[in-house]
Each structure stands twice: as C-alpha cells, then as structure tokens.
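Add chains W and Z to chain B, keeping to what the hints say.
Chains as they are written, first to last, in the working numbering: chain B, 1 to 318; chain W, 1 to 328; chain Z, 1 to 277.
Simulated from the structure, these hints should not be mistaken for lab results.
It is possible that some hints are incorrect.
Stated by the list, open to error - DSSO-like, lysine-lysine: derived pairs with alpha carbons at most 30 Å apart:
(1) B:Lys222 / W:Lys9
(2) W:Lys108 / W:Lys198
(3) B:Lys315 / W:Lys320
(4) B:Lys73 / B:Lys222
(5) W:Lys153 / B:Lys315
(6) B:Lys222 / W:Lys153
(7) W:Lys198 / B:Lys222
(8) W:Lys153 / W:Lys108
(9) W:Lys108 / B:Lys222
What the hints assert, rightly or not - Selected chain Z positions facing chain B (Cβ under 7 Å, derived; list incomplete):
(10) Leu114
(11) Phe118
(12) Pro119
(13) Val130
(14) Leu243
(15) Leu245
A virtual CB, placed ideally from N, CA and C, is assigned to each residue, including glycine.
Read off the chains here:
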Amino acid sequence: MTISLNYFLSRLLGACMTMIIGTFVVFIVMKAAPGDPALVVLGDFATPEAVARFNSEYGLDQPVLGQYLDWLKGIAQLDFGTSLSIASRQDISRLILFRLPNTFTIGIYAIAIAILVSLTLGTLAAIYRGSSIDAAATSVSVLGVSMPDFWLAYMLILGLSIGLGWFPSYGFIPVSTSFLGAMHSGFLPALAIAAPMAAVFSRTLRTSLVENLNRDHVLVAKSFGHPASFIFLHHVLRNSIIPYIVVIGLQIRYLLGGVVIIERVFGINGIGSLMVEAAFARDYFVVQACAVVFLAIVLSVNFIVDLVCALLDPKRSR
Amino acid sequence: MTAPLLDVKNLNVTFVLGGQRLEICQDISFTLDRGQVLGVIGESGSGKTVATKAILGLLPDNAVVEADAIMFNGRDISRLPPDEFDRLRGSELAMIFQDPVGSFNPVKTIGWHFRNVVSRRRGDPLSAEQGHVEAMATLHQVDIADPDAVLRKFPHQLSGGMLQRCLIALVLFCQPSLIVADEPTTNLDNLVERQTIKLLERLRSEIDASFIFITHDMTIAEQVSDQVLVMYAGQIVEYGDTTGLMRNPHHPYTRGLVNTARELEGDVTVLTEIAGEGATGFWPADQCRFAPRCPLHGSECDMAVPLLDAPDGSAVRCVKAGLTGATT
Amino acid sequence: MKLAAILKNRTAFAGASITLVFLVAILIGPVLSPWASGGFDFQNVLKPPSWSHSFGTDSLGRDVATRVLEGARVSLAISVSGVSLAMVLGITTGLFAGYWGGWFDLFIMRLVDLLFSFPAFVLALFLMVVLGFGVVNVALAIMLVYYPIFARITRNTTEIVRNDAYVQAARVMGQSTTRILFREILPNISAPILVQASVAVAFGIVIESGLSFIGLGVQPPTPSLGVIMADGQEYFRRAPWVLTLTGVTVTVALLGLNLLGDGLRDLSDPRLRERVS
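Okay, chain B solo, but in the shape it has when bound:
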C-alpha cells in the first residue's frame, strides 16, 4: 500500500505550520510573564545601566516581532539561545542535547511496556469477554487510570525498591553508558508512566476487538473453515490495529506530561525535569525552549502516527 505524495506533503506542511504558530504563541505568552529577565540574572538591585546593557546584549530592547524572528531563526538552526539562570550563559541547546536522550529513553521504554501489557490484557479481555477474566482486566484498567502517576511511582518505590530492593529509587543510567543499566534503572519510572496508558490502550483494544469479532467477514472466514487463530490474527486484530494506533498517538500528550513529574520523582536528567527547574529559577528562555521541544515531539509523533495509519488503512491512502 502506498501513500500519495500529496498526502505526505500536506501533512508535513500542516505540521510545520502548527509548529511555527506554536512557537509564536509560546514566545508571546512568555513575554507576558511577570518578571524581568534582566532582574532575574542580575538581581533585584541591579542598576538601570546594568539592565540596559543586559537587554541590549540579549536583544531584549528590540521590537517584539524582531525578537521572535531572531529566536525562530535560531531554533531552525537548533540554537535555543542562552540560559539565564540555571546554567548561566550556557547554550540551552547543549543542555537540551544532553537531556533529550534520557527523556526519549524513558518515553520509549514506557510506550513499549504499555503496548505489551495492553496487547495482552486487551486481547484476553476481548476473547474471554463477559467472564471474570474480562471483569478483572477491566477493573485493572479502570484502576490504572484512577491512580495519579507520581503516587504510583512512590508505591512502586515502596514495594519494589525499598521493600524488595530490586530496582533503584533514584538516578538514571543513560543508555550511552550502559544499555542494561538504563533498562534496570529506568524500569520503575517507565512503569509508572506506562500504567495509566496501558489502561487506556487495553480498553481501546478490547472495544475494538469486540466490535471486529462481531463483523460479518469474521463469520465468513469461519464459514470457509479457517482456524480460529488465523481469523483472530488477520480478521480481528489486524482490523483493530488502526484505532489502537490512533489512540496511542492521542495519548502521547499525556505520556509526555507524565514524564515531567516522573523525572522529578526519580531524579532523571531529562527535558521534563529541566523545565521544572527552569520554572523555579525563572529561567524564561529555558522554559520556552522546553515548551518548543515538547511541541516538536508531539507534532512529530502525530505525523508518524498519521503516516502509519495511512499505510495500514487502504481507504485512506487512495
């Protein structure tokens, strides 16, 4: 199955446009924040001359639109400016570059866990629908969405870290240092993020599977004598995959949100914890850079999900 070039380009264009509008909104809104960057760096008792010098150095005395365009140009070249307070005068890009892989690792780890768990739970619930297995799976799912993720994180720490000592409760070993170390130290945080997602994915998959189990072509396939496993794989699961993937794409929004707190809880050096630190330190430049990074991640994931769905759904790509 192919996608038309048209489709691909129009989606890409849409994403770029949203990106640009997004950066503009972030920038303008950030400008409205109380507090003066100059005072943040130089302290409340800075002299007017020092402030003026600071402002001209950072281009803050330019017209707002000009500042925005400069910033945008910088972003296009992956230069996010310099940090105000967290890492004084250092390139924000380097900060981000250093921390991004950690966020990615945890994020992908979480999604992988969520997909594995939900495929199992959702399929079990659908096949044994109406039975106690279904009820149990559904209860676990509802519970999964009802727990605050950071609370779950602490419960996991209580049980698996303090209690059983299987996993560390703090710190994260980056993948570049040790893959196994990353998997080990990243398990609890990934699990905490994955739990509510697995819950939502399971429910979606179950609903989708049950709908497809009732479709005519399933009965037709049975009438041709195909074995149940074949029918399930190719007539039920295959047809349920698309809404499942769509929901995964939609949930990314909440996944990334969870990353922010979980990174704090487990002391992981990622974009989430960076944003929180910057928020406390009033480092507006870093905050807006993080916002833009998150925006880019969400847009990219949406774009990929769109493409994958178009590839899998013959009605969309023609």
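Relative to chain B, chains W and Z alone:
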C-alpha cells in the same frame, strides 16, 4: 436410491440471552439429494437463516443446537468436534452470505481472500501460481470481465453486485459439495438481483454441488429450487416439490405466499396481504403458531400441530389441509 | 440518560455511589472531625494510623485524615471550576463553530489543534510560569487543558446534527441561532459531553495534585491533595502512610468518577448491546 447428501433429523435451536431461553427453530427435518436445490422460504424471524447456520456450525456460543442427527455424506456432523468441523467447512460446506459488502475484510484485497482459501479446496493442492490462474478462471465464470484487476482491488472499491459475484466465486473456488445461499440477492438492487439469479441458475447446471437457497421471495424460490421448504415461526409449515407446491399449496401461509407471487408477476392493482406480523421466541405450547393470522382458524386448531404427510408426497403442518396419517 | 437508567447500569451506579460518598465525606467530614483544622500537635508528630488518627499524623502533628478531606475540597473545587470554565467556553465556541462553519470554525479548530499539540501537563506548567502559582491559576491551567476537548467534541457533534430535521424546523420557525444552538442542539449532543466531563474532573484532580506536588500549584499552607502528598514525600521513608493513604483516597475518588463516566458512556452507546445471531 442413493443416500441423500444432507439429512437433517429433528433440529432444534434455542438461544440463551441473559438467563432466558428463546426458541428459534423447532423440529426441523429435511433431506437434500445430490445436485438438488432446496429453496427455504419464510419471512424475517422465521428461523430460516438460523437453521442453516446451525447446520454449518456458524451460530454464536449462546446458541444451543440439538438434533437427533445431521447426516452429511453419511457422517453425523452434529456430533463433530470443532477442528474436524473446520476441515469440512470451505472444502465441503460453504455459505454465500447476504451482505456482500461486509463479508470481505476491508483492509485486505480480494486476491488475499482467494489466496487463503486455496488450501481449503477439495482436490489436489495448487501452487500459488496455479491458484492465481484458477481464481481468475472462477471470477471469469461469474461474469467478471477483468479478473486480474479485481483481484488486486479492495472491497470498498467494488460495487455491491461485483462483491456478491466475488463472494460466489470464492465459494465456487473451494468446490464444496453443499452451498448455502442466504438471501444472496436481497441487498442488491433489482436489475443486479435478476442478473445474479440468472448467474446462479447457470452455475447450478455447470457445477456439481447441491444448494440450499434461502429467500423471502416466492418467485425466486420457484425459479431456482427443485423442492421448497416453507418456514414460519421457527417451524416447517410445508415441504414439497416446487411445481406441486406452487400449483397446489396446502398450508394457508403458503397459499398466501403463492398468491402474492402470482399477483406480482401479473399486473394487478390490489395485492392480497397476509394479515398481521410475525413474531419470535415465545410460542403458546398448544396452539398452531400461524393461528393469529390464519383466515381458516378455528377451535380445532388449538393444539400443537404436527407435520403431516399429504398424498402428493409433500408434508404440511395444518389440520385443515384435509389429510390423514402423521409424520415426525 | 435518565436517572433510572443510571441506577440500572452497574458501572454507573457504582461510580455514582462512590462519588456521592466521597462528596458527602469532604463536605461534612472536616466539620465532624474531632481534630481542629490546621491544629498543630507537636507531641504527636508522624504517628502511624491508629484509632484516634485514622490516617496517622504528619510532620506538624496534624491529623492527616482531616487534612486530606480539607485538601480534597480544595482539589475538587479547583478541578470542577477549571472543567466548568472549559465546558462553558468549549461548548459555546464549539456550538457556533459547528453550526456556522466558515472562518470561525477554521479559527477555532486551529486553536484547538494548537492546544492539543502540547502535552497536557506541560501546558499547565507553562501557564503556571506565566501566571504565577496559586489556586486560581491552577484552575485556569486546567481550563486551558480541557477547553480544546470540549470544543472539539461539541463542534464535531454539532456539525453532524446541524442539518437534522428538528434543527431545520426551528430555523424555518424563525428561532434565533442562539436559541437553536442551546435549546435544540445542545440537549441532543449532551451525552458525550457529560461523559467527558466526569473524566475531565478526575484528571483535573490529577493535574492539580501533580502541579502542587512539585510545588508549582497550590501553595502551602492551603491544603490540597497535591500539597499533602508533597509533604508526605519529604518524609516518605520514615512515614510512608501519609503519601500512601492520601494517594489511596485520590484513587478511590477518581475510581468513582471514572466508573461514572464509563457507565454514562455505556448507556449512551447503542452499539454496545448484545446481538442475537
């Protein structure tokens, strides 16, 4: 006389819904000889589809199927374990479903469907190449002009009529000995319907299979079947040779159907209606089920009416048909 | 979706009961509690759960259970206000956008898309940086997170029903657009909106507690579920019950809301009925 291909003895189907038992079919018995076509006619809710699906083992899990025996090719398939039954389906038993559009997997091509039934064919196994050639030949047999293109298309790219032919072709491709056609033309518009009926008639003479043809349309039943089974409220009310039954229907319901069919063929301004509506599930035990709608209803009908033999070889479930002797 | 139907559906009933119990508890609990709100008791610091203190005490000797109930009031109030605001704005803009179409629709949908392009919590966090911390701002952040959801649902369903017979009839009878939107269309599309509302309040509490937990939301001494959990986190190893039991409370409350939302969804979806053959 050779044994019939299919011999159904005393089939009963009940559905269990939330603790309640709904009786859908009662006491269904009939035979089908090789190369014959049995038309099963009845209105919605008469249980005609459920009975045939029961024979093919295609009912959902909450259906309770009980029968003295369902003999197919000398084997009682009502007692068959599921995996053996799976083997029979496709190769020996097949069904043409009512809604062609929903019968194909929307995310797969028509060709994919053919590829997967190659292994279910009766006869020698085919290679992928041969299978493709055979598939095209079968599509050609159902009057599809460009089989190669069709095989590569997705269901949403084809019309309802085309899809119905593809479905028929898919069934033919497996070369089963018994084909159940469940109202194959109901969802098609009139012109396409007539073309499809013509196609089925032609195929019947071309291939070596027996048919059970379900319909609610008496004219179609008359056209295609050798024998007719009339169902009402989950029971057989009349069963006999098509010509005999059409000329001389015994049961009031059959009479109504035949009259309507005749009227539709001619030019009439007024159609006789069969008064009332059908209903499913709960029947009074000691009463003829057709009584509420029957013009001949009288107090002698207030009993559980058995299926009785008529002198011309057919069977009727009506005390007023003036018969002697009893069957069942 | 009538009351009787809610009572019959097990999920909705369970959800409604739990939520009701929870609401009653937080309304009258602090009043009935023997412990004064904010009453410090330095003799009884960090005591584990007992008969007198069902949830134990915190680092200032306060009865945790009472605090949790008070905090729940605040969290719930914030979440409900935020979601209500989001509903009012979202439904209004959604109705007009779905009905009129054209540039207004385009504009609203672009706005919604933009808001959807940020992770929910990041959006909330960003707003807290811009607006500053505090109860009101958290509610505003929740409103910002949920506005796009209500706007989109409303707009999509409005678009589907705007050419229905009863709408056309109302138009022909000369009813004003506002009347048509709010008196004819809204009642008919309210089902998915209500389902979303209960889920929204639940997750709104999660957002609030998350923000307060990391210190960027409700500021102490105002209690909120997040603030109490932040407290509990500080001495988690020594006295895990504060954080644990507060979280259990939150979970139960959210369970109620989510079950209610699920039940409502089941009730309004005709496809979920059993098929016979």
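May I ask which of the numbered hints given earlier this structure violates, with the numbers listed in increasing order? Violated hints (numbers, rising): 3, 4, 15; every other hint is consistent with the structure.
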